[in-house]
Amino acid sequence: MNIINIEHIAKVYQVGFEEVHALRDVSIRIDKNEYVAIMGPSGSGKSTLMNVLGCLDTPTSGKYDFNNQNVSEMNDNQLAKIRNKEIGFVFQTFNLLPRSDALHNVELPLIYAGVPTAERKERAKQALIDVGLENRIHHKPNELSGGQRQRVAIARALVTNPSIILADEPTGNLDSKTGEEIMLLFNEIHCKGNTIILVTHEEYIAEHAARIVRLKDGLVESDEKVLNRYIPKLNSANVN
Amino acid sequence: MYTILFEIRESLLIALRAIRANKMRSILTMLGIFIGVTVVVLMSTAIKGIDNAFQTGMSALGSDVLYIDKWAWFEHDEWWKMRNRRRIDMNDFYAFKEQAKLPLAVAPVINSRQTVKFGDNRIENVFLNGSNSDYVQTTNFTFSMGRFYSEIESNSARHVAVIGSDVSNTLFPRGDALDKEIKIGGVNFRVVGVLDEQGSWILGNFNPDKQVFIPIGTIFKNFQNQSFGTITINVRAANPLLLEETKIEAEGIMRKIRGLTFNEENDFSINQQEGLASQIDQTVGVIQFVGFFITGLSLFVGAVGIMNIMFVSVKERTKEIGVRKAIGAKRRTILGQFLFESSTICLAGGLVGLIAALLLSKIVNQFLPTSVQWDAVVIAIVVSLITGLIAGIAPAYTAAKLDPVEALRYE
Ligand SMILES: Nc1ncnc2c1ncn2[C@@H]1O[C@H](COP(=O)(O)OP(=O)(O)OP(=O)(O)O)[C@@H](O)[C@H]1O
Ligand SMILES: [Mg+2]
Chain A
-7 MNIINIEHIA
3 KVYQVGFEEV
13 HALRDVSIRI
23 DKNEYVAIMG
33 PSGSGKSTLM
43 NVLGCLDTPT
53 SGKYDFNNQN
63 VSEMNDNQLA
73 KIRNKEIGFV
83 FQTFNLLPRS
93 DALHNVELPL
103 IYAGVPTAER
113 KERAKQALID
123 VGLENRIHHK
133 PNELSGGQRQ
143 RVAIARALVT
153 NPSIILADEP
163 TGNLDSKTGE
173 EIMLLFNEIH
183 CKGNTIILVT
193 HEEYIAEHAA
203 RIVRLKDGLV
213 ESDEKVLNRY
223 IPKLNSANVN
Chain B
9 MYTILFEIRE
19 SLLIALRAIR
29 ANKMRSILTM
39 LGIFIGVTVV
49 VLMSTAIKGI
59 DNAFQTGMSA
69 LGSDVLYIDK
79 WAWFEHDEWW
89 KMRNRRRIDM
99 NDFYAFKEQA
109 KLPLAVAPVI
119 NSRQTVKFGD
129 NRIENVFLNG
139 SNSDYVQTTN
149 FTFSMGRFYS
159 EIESNSARHV
169 AVIGSDVSNT
179 LFPRGDALDK
189 EIKIGGVNFR
199 VVGVLDEQGS
209 WILGNFNPDK
219 QVFIPIGTIF
229 KNFQNQSFGT
239 ITINVRAANP
249 LLLEETKIEA
259 EGIMRKIRGL
269 TFNEENDFSI
279 NQQEGLASQI
289 DQTVGVIQFV
299 GFFITGLSLF
309 VGAVGIMNIM
319 FVSVKERTKE
329 IGVRKAIGAK
339 RRTILGQFLF
349 ESSTICLAGG
359 LVGLIAALLL
369 SKIVNQFLPT
379 SVQWDAVVIA
389 IVVSLITGLI
399 AGIAPAYTAA
409 KLDPVEALRY
419 E
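Taken in order, these protein sequences are the chains called A and B. Anchor point for the first sequence: position 163 equals 155 in my numbering, and the numbering is continuous, going up by one each time. One gets my numbering by counting positions in the second sequence from 1 and adding 8 to each.
Pulled out of the complex, with its shape left as it was, chain A reads as follows (with noise of 0.2 Å):
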């Protein structure tokens, strides 16, 4: 069963008198538990991509059904409602808010959510151990290390148990030692059966994911299974 399914996805930028084309023509079906990476060079559209599958951004033209519901159609607090129950985003720049410590920030969906204060205290804070930060829970962004704050983050994204991770280069801004970490947590997800979309520029980031879609210009240039895909080993984590 598909959980995404666009199809002709045209999103057009208009800048002062010229329109840029982000993306073109997209058409992707991604099933449930799938793990999917998306590539390509710096503007080829993998950002607009996302946001579109994201419900953060609607496309100029095209079709774009989630989980069967037609998204196209859907007014600002439906979009928010989408986002907030069955979207789990995790960022490059990680995103967390600042002056709140991680229990807050993996908070903040639940609360948009209006689950109550005691059952949302303890699904937070679960959320957290499961990425491996018992011991952070407390802490700020500023005293957490880059590879801890995408942990909070990505806690923040699974807190709400979404249909489908996004996240756009979510191992940019991190060493290749700290990254290979935060890989071997989205293996873990995906493994639970969670459905993850990942844009990254690194092959070897790519190889983890079970399928690869290659964009270009706004359109899709290659859209294949991973042959040879790369199963990080669990003993190769050390959080704290």
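In case anyone wonders, no lab produced these hints; they're calculated from the structure. Remember, predicted model here, so these are calculated numbers, not experimental data. Any given hint could turn out to be false.
[Stated by the list, open to error] On the chain A side, residues computed to face chain B include the following (Cβ under 10 Å):
| no. | residue |
| --- | --- |
| 1 | 35 |
| 2 | 49 |
| 3 | 74 |
| 4 | 79 |
| 5 | 88 |
| 6 | 103 |
Glycine included, C-beta positions come from ideal geometry on N, C-alpha and C.
Starting from the known structure of chain A, arrange chain B with the ligands on it as the hints suggest.
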């Protein structure tokens, strides 16, 4: 319903976090509101204080009393004209008393200022009131000790005195004034009565608490030459409804006594407390105007300041807003968050202002009795909340309609 309450509570908590995270900025923002609320509370307190004092003062003097005098008390324009009026003397009084049918009581009054002493205690410049035994009926005086001087004492110009509460407190701190011999302007008087505390500061010279009352004959004998001083005739109407009729009668009688022809102006004035009331109203009006002006101005400045700071805050937190939207904050959630933030800042400023006003009114109280009203508290809270909402609406709306993608790209 539950979710709305929940959202409100969460917005409030988020707003509080933001305020705590930006302490200095929040405090500066509060300043305008602080000043506005301080002024508005102080003002309403002062006005209430003046009003209260006025009411008690008025009821001590009696609101149904006319004062026939050479001078018009509350009009100063024709001073030179009044100066040339003939004085009002005791013969006028006797004739008036003879002819007036409507008044409940009529009394002649003449004043003098003297030093009053008992032992080592003394008061300079005491307002000395000389009248007859009917005088007490033209007032609403009550006595804490003794009585007013009698008709016999009055007619035979005895050296007896009735003293106001302030005079008694100063000369007799132990409260044992009755039957003591005091010295007024060097002459011995026996205290026959002490008044309850009656009036209030607002009456100035009319404040009975600071006066001493003696028979008018005694004044003429010791302190004033009867053939020079001009007296006031106090006329009390039988009841307030008859005041106007009593006044018309009094005017007619006085014109007759003074031998005025129909085309001559009155050479006397009939004064009423109303004159004082309108003067007080003017004072209150000025306080109100100035107060509202300052309040309005500082609230306006405060509101503009808050709006600016909220705009800056929205700008600074563009990325944060993007993140919040990405993880599911609705427009109205963001709107609520910023509205809560600005109104909470304002409310805090308002409450601090309220506390400052209450403390200040304690200090002011030493010069001018104030009266703190519950409505002042309500005013402070409502005014600051509304200011916060008005100042917050535009920035909050800007934040709410930010495009999430743009907001996330913002550096
Ligand atoms: N808000 C915008 N306004 C105008 N043009 C935009 C906007 N967002 C993206 N673009 C343009 O759309 C194209 C695709 O941008 P996008 O961010 O999707 O690229 P990308 O593949 O993510 O690149 P990178 O690897 O550098 O992140 C670029 O040419 C970019 O300049
Ligand atoms: Mg990008």
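Structure-based check of all given hints:
| no. | hint | result |
| --- | --- | --- |
| 1 | 35 | violated (14 Å) |
| 2 | 49 | holds (5 Å) |
| 3 | 74 | holds (8 Å) |
| 4 | 79 | holds (9 Å) |
| 5 | 88 | holds (8 Å) |
| 6 | 103 | holds (5 Å) |
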